Amino acid sequence: MAIAVERFRRTYGDLTAVDDVTFSVGAGEIVGLIGPNGAGKTTTLRSLAGILRPTSGHVRIDGHDIVDDPLEAKRRLAFMPDEPHLFEYLTVEEHLRLTARLYNVANVDERARVLLEELELSGKENALPGELSRGMRQKVVIACGLVRSATTLLFDEPLTGLDPIGIRKMRQTIVARGRGGAAILLSSHLLHLVEEICSRVIIMDRGRIVADGTFAELASRADLAAAGSNLEQIFLRVTGRDVAG
Amino acid sequence: MLSASLYIMACSARNRLRVRMRRLREPRYLVGAIVGAAYLYFSFFARLRSRSALSRTRGGADGRATPVSQLLQSGSGIVAALFLVGAAIGWILPFNSAMLDFSDAEIAFLFPAPVTRRSLIVHRLLRSQLGLLFTAVIMSIVFPASTPFGRVRWAIAMWVILTTSRVYFTGVTLARGRLLGDGGRARQPALVPIAVIAAAVAVVGRALIAAFAGAPPANIRDLAARVEAALGSGAAHAMLWPFLALARPLFAPWGLSFAISIAWALGVLAVTLAWVLQTDSALHEAAAHAAARRAGDRRTRSVAPIKARATGLTLAPAGRPEGVFFWKNGVQTLRAGGVTMVRYLVPLVAIATAATSVALGALRMRGGAAAGFMTAVAVTMFVAILGPQVVRTDLRSDLAHLDTLKTWPLRAADVIRGEMLWPSAMLVGIGWLAIACAMMFSFAAFPSVALTGRVTVASAAVLLLPAFVTAQYLVLAAATVLLPAWVPIGDQRPRGLDAMGQRLIMLFGVLVSVIGIILPGAITGGILWLVLSRIVGDIAIIPAAIACTVTVAIIVAAGTEILGPLFDQMDITSVERAE
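Chains as they are written, first to last, in this note's numbering: chain A, 1 to 245; chain B, 1 to 579.
The shape of chain B in the complex, shown without the other chains (with noise of 0.2 Å):
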């Protein structure tokens, strides 16, 4: 089997090194690729040559050292107990590890060959070490070291600990899946772990609780020194071993010394992988499990969980195309994010958000309300610049159903529109929430600003919401009609240096884009600004807001109608899947 999985391994790394190569003949690919490779070279190697130049001015030391990077160098000790927590949390999040996630093709061929479930683990795991050693390296570049020396064993380390937790986190898959499966005998063993971390949890914590009790601690060193001491011996260390000898190559000289402390973390390694494959029973569970999920059908994986909920929106038999889709995705949202969410969320945070802003100002607590205060007002700059780059349900998610869209007796620029319809009402009712929450903390935290004046800012922002959404969305549907083949597919996402740089060159020009469609509404919302303001005084922004928004909305409206030749002109065989 193990050379069956070298043999997969060699084949499609070639194989997709081969196609990628091909694809840059493409010019889309190949700006995708040197603004990819170009960011890369930027972010990472620059970084890590002035950084290597800075050390060598300042003597060898390096200067650049935050105070994290000081308390995590100062010892193995802290990294040891937030590997710790790191480890008791995986039982706790729902999260299912990739090593688990075998791919169609995997299922076809391996599953039903004559090869042991543990095999199959072991293949997932070969399989996932070309990935885990490029995080490695991209970290030890990230990480400041002063040496060349340094960064190898900062990438060696990190790919023992990364590998580490990979296994480790399959087996807590599997345990977790005994435990919800299995009857009471089969659970025992599945308990063994959760038991030996939650010890080691209670004593770790009991020692450092017990180091800093009544003593905070004086500055970051003082913090390291003290944690060192609390777990450098007794029961916090014999219960942190594990986790320590994982830290120790981090912290260890270049030579025999690092040797050794890789040695031991290999060994942490050994005995995590032997727990993982100890019980063949789970893993034939977990691979029937992932078998049902992806075999046969990519549907079945993508859709199990939807339920044929009640939406409460109704499509009428008649009227305007546009609401077609607009009924159309909003029943994918509400069916995919939960009707309940939805009905309940919208009234309990207003509620909530009235109750806390009344109590705040009772108590004069006006810290409290302005922190909720900038959170609603956080949460509106959000939903206005990045919202349509998070809500997908428009043109985005229906590239998969293309085919189906072009067969519809609808005017392309009514199927823009209403792909766009959707997302901006959903982004807009969740940011017109936020402004009402925000103004209604705004009492509690600014009592003194005159009630003008706020309803003035929150009328103003209200208005030009609309504007910033749709202008993102025409955008985005711009970027999906012209060049369909750098928009992923539903959940796909796309992976290599062409991909990066297309993401990149979609984010930036979105975001020049949306400032050009915005810009003429600013500009004229300014000029009646100027014009009104010196006639009504503050109030006069309402206006302005609105003179923007139409100024706007007549572009997006411009936009839809442009767009739509491109539409019907738009080739389906553009349209590519990711590998």
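Bound-form chain A, shown alone (with noise of 0.2 Å):
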């Protein structure tokens, strides 16, 4: 599996943003991980990414222990967080270049020329962060998560800021990286996305998984059969927010 978390815990001091939770995702999967919010899902991506060190439990990428070889997870993983964190002094190409030598990428001219031109940053190059719109410096963390050949692919909101032909463009981004083989997992808040580009879901509520299968498993399945076959419905159901609805 090319992500495996097995009993994941995290806490901050007394509250627990994350308990007991267990799940993988296999190459070529692209899986949506939806819930409330303060579900504990960045936390989980954030755990996968290398940024907080679980309380306990495991988290492997490819086999690799986040925790006892971060160096050889690390390198297998490239993680798009919601909110675009970049270097103010550096432009989008140094930012590429910079990225390119921590992961010793070959070619890096012609892959940042390509992805340049894919996520619509063509003439951006020697721009810095300042100059950027919230949705283009977006395009930037995920051009510099998809410069090198990274095998397990995290995006946290990746639409966020993003305009409808940049959501557009995403989507086949993503959809293209998933059936290159890569393993996704992708947390958002925007269910029709999920549905449309994921072949399974993960639902967490209050720092637990709630529920974690296909469409047509979740929908099978006897508690949530009288919801219906939408995810949103699926969602309210499993998450106990369709009482008042």
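Because the hints were derived from the structure by calculation, they are not lab data. Quantities reported herein were computed from a predicted structural model and do not represent experimental measurements. Watch out, some of these pointers could steer you wrong.
Stated by the list, open to error - In silico DMTMM-like links for lysine to aspartate or glutamate, alpha-carbon gap of 20 Å or less:
#1 A/LYS124 - A/ASP109
#2 A/LYS124 - A/GLU93
#3 A/LYS169 - A/GLU88
#4 B/LYS307 - A/GLU93
#5 A/LYS169 - A/GLU157
#6 A/LYS124 - A/GLU110
#7 B/LYS307 - A/GLU131
#8 A/LYS169 - A/GLU118
#9 A/LYS169 - A/GLU196
#10 B/LYS307 - A/ASP68
#11 B/LYS307 - A/GLU125
#12 A/LYS169 - A/GLU117
As the list claims (entries may be wrong) - Not everything, but these chain A residues come out facing chain B in the computed CB check (under 7 Å):
#13 ARG9
#14 TYR12
#15 ARG75
#16 HIS85
#17 TYR89
#18 LEU102
#19 ARG148
Where a beta carbon is used, it is the ideal one built from N, C-alpha and C, also for glycine.
These two chains come separately, so use the hints to put the complex back together.
In structure tokens form, the structure reads like this:
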């Protein structure tokens, strides 16, 4: 499995953000990670990326434990956070060169050119982050993630700040990477996006996984059968939010 | 709007206090608060008590009056003249009033609200009162006074002065904005205060020149008496009147006399406030400018002036991981500080120093050369001792990017070493330049010193400087890794008693730790010097310096390896953003 999470738990002081979570994502699989605010999605993704240390449990990327063998695990993954953190003094092109150097990417010029074109950033090579809109900065973060051949891609709200054309392009990009064999874990509140491009969905609530499976599997689950086959209806049912509606 | 302002102030103060009290449950804040409180007590309140005791034993007279305080206490004329100078300088210096620096929340909530721009300024003025009152109280404690009433008088007078100056500089900022932005007709009202201040400076300056022409003052009392006489009547007195009105409460005796003087000072404050509030359009411009700087996205404010200039630094496609940080931090420094300045400043300093030194030597002006020498030595000392505290282009500045750094496939020790590399190289470069300047000046300042002695000392300094600088960066990296919550991110300056205590502990800890790192090097070098000096003489200081630097380098390298696992365990949630 490209991503293997086993009994993962993460606490912040007295608060347990993620509790006893176990799941896996295989190569070529695009898995949606959804849940209400505070469910533990971002904590899970940040722990997978090596930013947060698990309080207990194991996170493995291509068999490499993120705590015990962090360098090998990190070489294989690319994390695209929801908030685009860029170095204020480096241009778009310099960000790509920096990433290429860190991950030993050969032929960076050609890769960068293709990516910038794909993400509609051509002409912005020499722009600093301060000169870019939020959506463009988001695209730069994504370009840095895609410039290397990562086997595991982690997206946290990848469409935030993008315009309709950018959203369409990003959807195509994610699907293309999945078809190319990358394991993709994507967190989003846009349920129609998850429904459209993900082959499987993990629903989290209050730090725990409350549902995990393909849409067909979830729809056929006895306790969810009455909810309907729509992801939104399933989501509301499993998280207990469908009572008011 | 006034009620809304008071509501914001009351709620903010209450909640800030609540947050700070809650934070004290954590040992790191509690220790910081205790140290901060102790510092405040021993710096101000203990001083206050000892002064009162001293004053009692001397029959009420204040025995610690310094020449400066004697000068200031001798009359309001001198203080008023100083206020005038400050008011004039305010137009020249390119600083904007903090009163127009609206917070993001103020922009989001108050700008779209149906309130006038004038109300917004009044709101900002009200919000600044707490800080101004605190400053006034601290100043009343610091300034020598024989009675508690004297301190209260000082506190009230200082509060009026500080508030007036805050309002005045807001007016200056607004007027400057109009001068730079509007058309000719709109500029005219903004020119009036400049003309008034310029006239006041000219008239007062002329009176003072006349008072001192041909006869320098015999002592401080004579100087004060002549200033008072020159400014006590005529046109100079009239021009200086608003400043005198502000200064008088500082000197008025307690009672009716003080009440009258404070009433006049408040009158000056009211007129200044009316001047600031009179042009709604200028306020609108300033408010819009503030909104443009801060609204929406913080990045706009922080990076707007940066240009993507070529720096001359290129990142090789492969190499040691430390090189990535050297390049990244180098680009940051050069783009933030100006590539051109760095490119031309170094040769200019070297050429100017060499030329000056030669000229001073030829003219036999040893005093001037000695001053140049001392300045260069002072720069070297500053670089060696305080440079790493000031130049923060290391792990401290990258705490804001810690989540990004943590995703990079790099050994933590390499990250720490890499973050130290650029600022160390930069400071060592500056220090070496200063040593070279000192060396050049020394030829003219101390011609009798032998060349070998000169070269020996300079070489030792050149060799030791990297040890001092890198040792400090190691300690600062350790402090960042071990106590990330105590390290301010970017340009943040955490406030509060606990933050002050934390800074003091950090400063003390860094100094002690640096001594601990350098000591083994100093011992090694010292032993080598003792052995070699008997054989080769003074030149033994060079191998001793090499031994010291090598020892420190080994300790620093080992230190980065020890810090590596700690960096890996460092929790991003322990990095806190200031309030």
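Outcome of the hint check:
With a C-alpha separation of about 15 Å, the suggested pairing of A/LYS124 with A/ASP109 holds against the 20 Å cut-off. Using a Cα cut-off of 20 Å, the hinted pair A/LYS124 and A/GLU93 holds, with the two alpha carbons roughly 8 Å apart. Between A/LYS169 and A/GLU88, the direct Cα distance comes to roughly 26 Å. Violation of the 20 Å bound is thereby established for this hinted pair. At most 20 Å may separate the alpha-carbon atoms for a hinted pair to count; B/LYS307 and A/GLU93 meet this at roughly 14 Å.
Only pairs whose Cα atoms come within 20 Å are accepted, and A/LYS169 paired with A/GLU157 is accepted, the gap being roughly 15 Å. At roughly 16 Å between alpha-carbon atoms, A/LYS124 and A/GLU110 fall within 20 Å of each other, so this suggested pair holds. For the suggested pair B/LYS307 and A/GLU131, the alpha carbons sit about 9 Å apart, so the restraint of at most 20 Å is met. Note on A/LYS169 and A/GLU118: the hinted pairing holds, with a Cα-Cα distance of about 8 Å set against a maximum of 20 Å.
Of the pairs offered as hints, the one joining A/LYS169 and A/GLU196 holds, with about 14 Å between alpha carbons and a cut-off of 20 Å not exceeded. Taking the CA atoms of B/LYS307 and A/ASP68, the gap is near 41 Å; set against the 20 Å cutoff, the hint is violated. For the suggested pair B/LYS307 and A/GLU125, the alpha carbons sit about 13 Å apart, so the restraint of at most 20 Å is met. Restraint check for A/LYS169 and A/GLU117: the C-alpha separation of about 11 Å stays at or below 20 Å, so the hint holds.
Violation of the interface hint for A/ARG9 is found here, the shortest Cβ-Cβ separation to chain B being roughly 15 Å, above the 7 Å cut-off. For A/TYR12, the shortest C-beta to C-beta distance to chain B is roughly 6 Å, which falls under 7 Å, so the interface hint holds. With 7 Å as the threshold, the beta carbon of A/ARG75 comes within range of chain B, its nearest partner Cβ sitting at about 4 Å, so the hint holds. Residue-level restraint check for A/HIS85 holds (minimum Cβ-Cβ distance to chain B is 5 Å; threshold 7 Å).
Annotation: A/TYR89 was flagged as interfacial toward chain B, and the flag holds, the nearest CB pair being 4 Å apart, inside 7 Å. Look at A/LEU102: its Cβ gets to within about 5 Å of chain B, closer than 7 Å, so that hint holds up. The interface hint given for A/ARG148 is violated, since its Cβ lies 10 Å from the closest Cβ of chain B, which is over the 7 Å cut-off.
Of the hints listed earlier, those the structure fails to meet are numbers 3, 10, 13 and 19, in rising order.
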